[in-house]
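Student: Please take these sequences and the hints and turn them into a complete structure.
So the sequence lines, in the order shown, correspond to chains A and B. The first sequence begins at 23 in the numbering used here and counts up one residue at a time. The second sequence begins at 23 in the numbering used here and counts up one residue at a time.
If you're looking for bench data, these hints aren't it; they were derived computationally from the structure. It is possible that some hints are incorrect.
Copies of the same chain look alike in the list, so a pair counts if it fits in one copy or across any two.
Here are the simulated lysine-lysine pairs, DSBU-like style, with alpha carbons at most 35 Å apart [as the list claims (entries may be wrong)]:
1) K291 <-> K362
2) K291 <-> K367
3) K459 <-> K95
4) K440 <-> K291
5) K291 <-> K172
Single-letter residue listing:
Protein chains: 2
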Amino acid sequence: MNLLSSPLLTDLYQLTMLNAYFAHGMQETAVFELFVRKLPPNRNFMMAAGLEQALDFLENLRFSPDELEWVGKTAIFGADFVEQLEKMRFTGDVQAIPEGTIFFPEEPILRVTATLPEAQLVESRLINLMHFETLVATKAARSVLVAPGKTLVDFGFRRAHGAEAGILAARASYIAGFTGTATVMAGKTMGIPLFGTMAHSFVEAHDDESIAFARFAQTYPHRTTLLIDTYDTVAAARKIVELAARLRENGIRVTGVRLDSGNLEGLAKDVRKILDEGGLHDTSIFASGNLDEYRIHDLIAAAAPIDGFGIGTSLVTSADAPFLDAVYKLEEYAGKPRRKSSPGKATWPGRKQVYRYYDEAARFDHDVLTLEHAPAPGAEPLLVAVMSNGRRLAAAESFRVIRERAASQLACLPDGLKALETADAHYGVQVAPVLCKLAEEMRS
Amino acid sequence: MNLLSSPLLTDLYQLTMLNAYFAHGMQETAVFELFVRKLPPNRNFMMAAGLEQALDFLENLRFSPDELEWVGKTAIFGADFVEQLEKMRFTGDVQAIPEGTIFFPEEPILRVTATLPEAQLVESRLINLMHFETLVATKAARSVLVAPGKTLVDFGFRRAHGAEAGILAARASYIAGFTGTATVMAGKTMGIPLFGTMAHSFVEAHDDESIAFARFAQTYPHRTTLLIDTYDTVAAARKIVELAARLRENGIRVTGVRLDSGNLEGLAKDVRKILDEGGLHDTSIFASGNLDEYRIHDLIAAAAPIDGFGIGTSLVTSADAPFLDAVYKLEEYAGKPRRKSSPGKATWPGRKQVYRYYDEAARFDHDVLTLEHAPAPGAEPLLVAVMSNGRRLAAAESFRVIRERAASQLACLPDGLKALETADAHYGVQVAPVLCKLAEEMRS
Numbered sequence: 023m024n025l026l027s028s029p030l031l032t033d034l035y036q037l038t039m040l041n042a043y044f045a046h047g048m049q050e051t052a053v054f055e056l057f058v059r060k061l062p063p064n065r066n067f068m069m070a071a072g073l074e075q076a077l078d079f080l081e082n083l084r085f086s087p088d089e090l091e092w093v094g095k096t097a098i099f100g101a102d103f104v105e106q107l108e109k110m111r112f113t114g115d116v117q118a119i120p121e122g123t124i125f126f127p128e129e130p131i132l133r134v135t136a137t138l139p140e141a142q143l144v145e146s147r148l149i150n151l152m153h154f155e156t157l158v159a160t161k162a163a164r165s166v167l168v169a170p171g172k173t174l175v176d177f178g179f180r181r182a183h184g185a186e187a188g189i190l191a192a193r194a195s196y197i198a199g200f201t202g203t204a205t206v207m208a209g210k211t212m213g214i215p216l217f218g219t220m221a222h223s224f225v226e227a228h229d230d231e232s233i234a235f236a237r238f239a240q241t242y243p244h245r246t247t248l249l250i251d252t253y254d255t256v257a258a259a260r261k262i263v264e265l266a267a268r269l270r271e272n273g274i275r276v277t278g279v280r281l282d283s284g285n286l287e288g289l290a291k292d293v294r295k296i297l298d299e300g301g302l303h304d305t306s307i308f309a310s311g312n313l314d315e316y317r318i319h320d321l322i323a324a325a326a327p328i329d330g331f332g333i334g335t336s337l338v339t340s341a342d343a344p345f346l347d348a349v350y351k352l353e354e355y356a357g358k359p360r361r362k363s364s365p366g367k368a369t370w371p372g373r374k375q376v377y378r379y380y381d382e383a384a385r386f387d388h389d390v391l392t393l394e395h396a397p398a399p400g401a402e403p404l405l406v407a408v409m410s411n412g413r414r415l416a417a418a419e420s421f422r423v424i425r426e427r428a429a430s431q432l433a434c435l436p437d438g439l440k441a442l443e444t445a446d447a448h449y450g451v452q453v454a455p456v457l458c459k460l461a462e463e464m465r466s
Numbered sequence: 023m024n025l026l027s028s029p030l031l032t033d034l035y036q037l038t039m040l041n042a043y044f045a046h047g048m049q050e051t052a053v054f055e056l057f058v059r060k061l062p063p064n065r066n067f068m069m070a071a072g073l074e075q076a077l078d079f080l081e082n083l084r085f086s087p088d089e090l091e092w093v094g095k096t097a098i099f100g101a102d103f104v105e106q107l108e109k110m111r112f113t114g115d116v117q118a119i120p121e122g123t124i125f126f127p128e129e130p131i132l133r134v135t136a137t138l139p140e141a142q143l144v145e146s147r148l149i150n151l152m153h154f155e156t157l158v159a160t161k162a163a164r165s166v167l168v169a170p171g172k173t174l175v176d177f178g179f180r181r182a183h184g185a186e187a188g189i190l191a192a193r194a195s196y197i198a199g200f201t202g203t204a205t206v207m208a209g210k211t212m213g214i215p216l217f218g219t220m221a222h223s224f225v226e227a228h229d230d231e232s233i234a235f236a237r238f239a240q241t242y243p244h245r246t247t248l249l250i251d252t253y254d255t256v257a258a259a260r261k262i263v264e265l266a267a268r269l270r271e272n273g274i275r276v277t278g279v280r281l282d283s284g285n286l287e288g289l290a291k292d293v294r295k296i297l298d299e300g301g302l303h304d305t306s307i308f309a310s311g312n313l314d315e316y317r318i319h320d321l322i323a324a325a326a327p328i329d330g331f332g333i334g335t336s337l338v339t340s341a342d343a344p345f346l347d348a349v350y351k352l353e354e355y356a357g358k359p360r361r362k363s364s365p366g367k368a369t370w371p372g373r374k375q376v377y378r379y380y381d382e383a384a385r386f387d388h389d390v391l392t393l394e395h396a397p398a399p400g401a402e403p404l405l406v407a408v409m410s411n412g413r414r415l416a417a418a419e420s421f422r423v424i425r426e427r428a429a430s431q432l433a434c435l436p437d438g439l440k441a442l443e444t445a446d447a448h449y450g451v452q453v454a455p456v457l458c459k460l461a462e463e464m465r466s
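Tutor: Put into structure tokens, the structure is as follows:
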């Protein structure tokens with residue numbers, strides 16, 4: 023059993039509902055859409071991510087013998103149900119907004135059209151995957167916006183919520199425009215560029231800081247970044263200058279130093295001066311330590327001479343907004359539109375499409391949420407077909423393609439939406455009259 | 023390759039440091055301790071969890087042929103390093119605070135004593151596992167404290183940060199005193215009790231809500247909880263009373279209803295009244311929908327007749343405090359104590375122990391952080407040996423044992439620390455003079 027692709031990554035109620043659907047012959051076509059109800063605090067847009075993992079999950083859906091045996095042994099389900107699960111594959115269609123695309127509340131980023139049991143079972147894991155990657159891509163895009171031209175590296179694995187979160191956070195931030203990650207497994211399994219320097223323990227394990235620096239540089243003669251804040255950052259910068267002169271004779275370059283604590287603005291300026299005066303103009307300064315897009319914004323505004331940033335906990339937990347109000351809702355069953363009308367949680371019925379309109383400067387002007395086949399002349403439909411009869415319609419998109427899309431989407435954002443704080447005016451998402459009318463008809 | 027146990031669940035700098043350690047013969051004994059620097063907002067204590075997964079990781083540490091091949095193909099490492107990794111196992115000792123124990127900032131919850139490379143490599147994953155489970159156990163304990171006698175169920179999988187987070191959150195909240203989880207995989211792999219009802223989609227897929235209720239009840243005649251807020255909660259409660267009378271003739275009982283939106287206090291009171299007037303005194307009311315310990319506290323204070331709560335997103339993301347300042351620091355190498363003195367991040371050197379003192383009412387009075395073998399007459403040492411030479415000293419603790427410990431720890435908390443808001447006075451953690459003296463000696 024590969025735990026990460028198991029169909030038992032679901033809520034018990036999905037299985038209890040499936041059992042009832044089978045028992046009552048409810049296997050007609052259902053349409054579910056995945057969307058975010060509203061923006062969290064401090065967010066003016068969201069960036070879609072996680073589709074690739076979602077499609078993988080759907081394409082490989084099947085119950086293993088071990089899983090079927092376990093289901094059969096629970097007191098809840100009978101042998102008939104286990105037989106149905108054994109045959110179960112995902113054979114439906116999927117429409118989605120491509121990864122790296124910017125989207126807004128109420129806009130579906132994924133639509134699943136399948137038999138009711140198939141579409142129901144996968145709800146929990148589809149949200150679990152797409153919610154998290156979208157959360158982190160959205161968070162990462164904010165650092166990308168405030169730090170153009172800087173190296174941005176995901177340092178977050180240790181405080182990510184489990185291993186999968188660490189790996190998917192590396193992917194989502196890379197999609198959004200990060201330079202790479204420190205998480206080795208994300209490099210191995212997904213080919214994301216890896217970055218790494220040294221830790222305080224390396225310095226502390228030596229009796230002399232300079233010896234620690236020298237040994238590390240000797241081990242990596244062509245690319246070495248030395249961590250200089252273990253004891254006294256300014257003193258360590260002076261040691262680097264001394265050391266670099268000696269190392270140069272052996273063809274060894276100190277390519278960078280890292281600051282991880284203290285007043286990063288002041289220290290970066292002091293260290294830059296020391297390095298420059300010592301002739302180390304090419305030695306870059308990398309900063310880390312409780313950084314997020316707010317602090318990076320301030321450091322850049324203060325002209326701190328920092329070339330790159332390692333961003334950890336705040337990125338991978340999306341600390342100022344650790345979840346999105348992401349849901350997956352039934353919009354149609356057996357050919358009839360459906361909706362819930364619970365207070366504060368009412369949904370728009372039917373199969374929907376999002377059309378995007380651009381202004382004269384080729385920036386996003388507004389979106390229209392409407393029914394799938396409603397006309398929208400001159401607008402760009404965001405949802406496209408990605409899976410048919412349970413098979414992907416094309417190979418997985420490359421990171422190059424997704425990252426270019428993300429960059430181009432960020433460039434098309436209206437300026438007001440690029441701010442780190444909540445914008446005065448939300449981006450316009452208009453609900454088309456035809457959709458309002460359908461909802462109204464269903465209400466009455 | 024089992025992704026979740028891979029030694030490549032680490033940061034690149036651990037590998038680059040290991041390579042340098044091997045190159046310079048630095049394989050003497052290192053001591054690292056894992057602790058949390060400070061309490062996050064709204065927390066007065068923390069509850070340790072995740073040790074079981076951490077020990078599993080250590081006991082099974084080895085590089086697979088596929089992983090070794092990948093390391094060899096990176097441009098960074100040579101064949102010598104790959105040979106070293108191939109031989110690598112975790113052969114060290116581990117001391118830890120047992121799961122379910124309450125602890126405070128600066129107190130080590132795990133100590134690793136091993137060769138420097140072994141102890142270094144595992145840093146990232148040890149924090150990744152123990153940080154998250156401790157985070158969620160701590161969050162869950164707050165709901166347990168405010169809702170004595172209530173059924174508490176983890177509903178969070180879909181918005182957990184990936185699959186492993188969903189499963190480990192189910193474990194951590196169960197340790198803290200939750201009744202169970204909706205996450206099927208946590209039931210299958212860890213034996214945590216599973217709970218589940220029905221979703222709105224089940225109701226919506228029927229043209230008539232009463233038919234949906236009847237079908238679900240017929241499928242689960244002895245234990246059925248019906249979701250009644252899809253359209254109009256009060257009207258649905260009346261339908262339940264009507265339906266229950268008919269079902270009873272066939273031996274079918276409606277054991278519970280679930281509310282998931284709206285004014286839960288008012289609705290619970292209305293629904294309770296309708297159920298009682300309809301003779302359904304035994305039908306319980308279960309509530310969910312953006313719940314956390316603050317809302318549960320208020321609902322209980324308002325005497326809302328709710329028997330159980332499903333808690334999702336806020337629990338599994340620890341939404342009001344989505345991370346802890348958890349670190350793993352070198353405290354000794356080659357027989358000499360070590361410490362970093364970076365501003366705001368200085369550490370206490372040496373192998374430490376935490377002693378807990380109780381007051382006359384058998385409540386926690388204060389703790390003392392001191393060196394391992396310093397005497398502390400009449401106090402309880404919290405760190406105990408759990409692994410020696412890379413092997414566990416005892417079988418994994420059962421949930422029964424851990425849950426009893428957690429309950430007893432919560433009962434011993436001073437009242438002021440049980441509040442949901444930050445207490446006026448922090449719990450006392452005294453640093454023993456012998457430890458202050460050692461740190462001072464190292465400073466000078």
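Student: Which of the listed hints are broken here?
Tutor: 3
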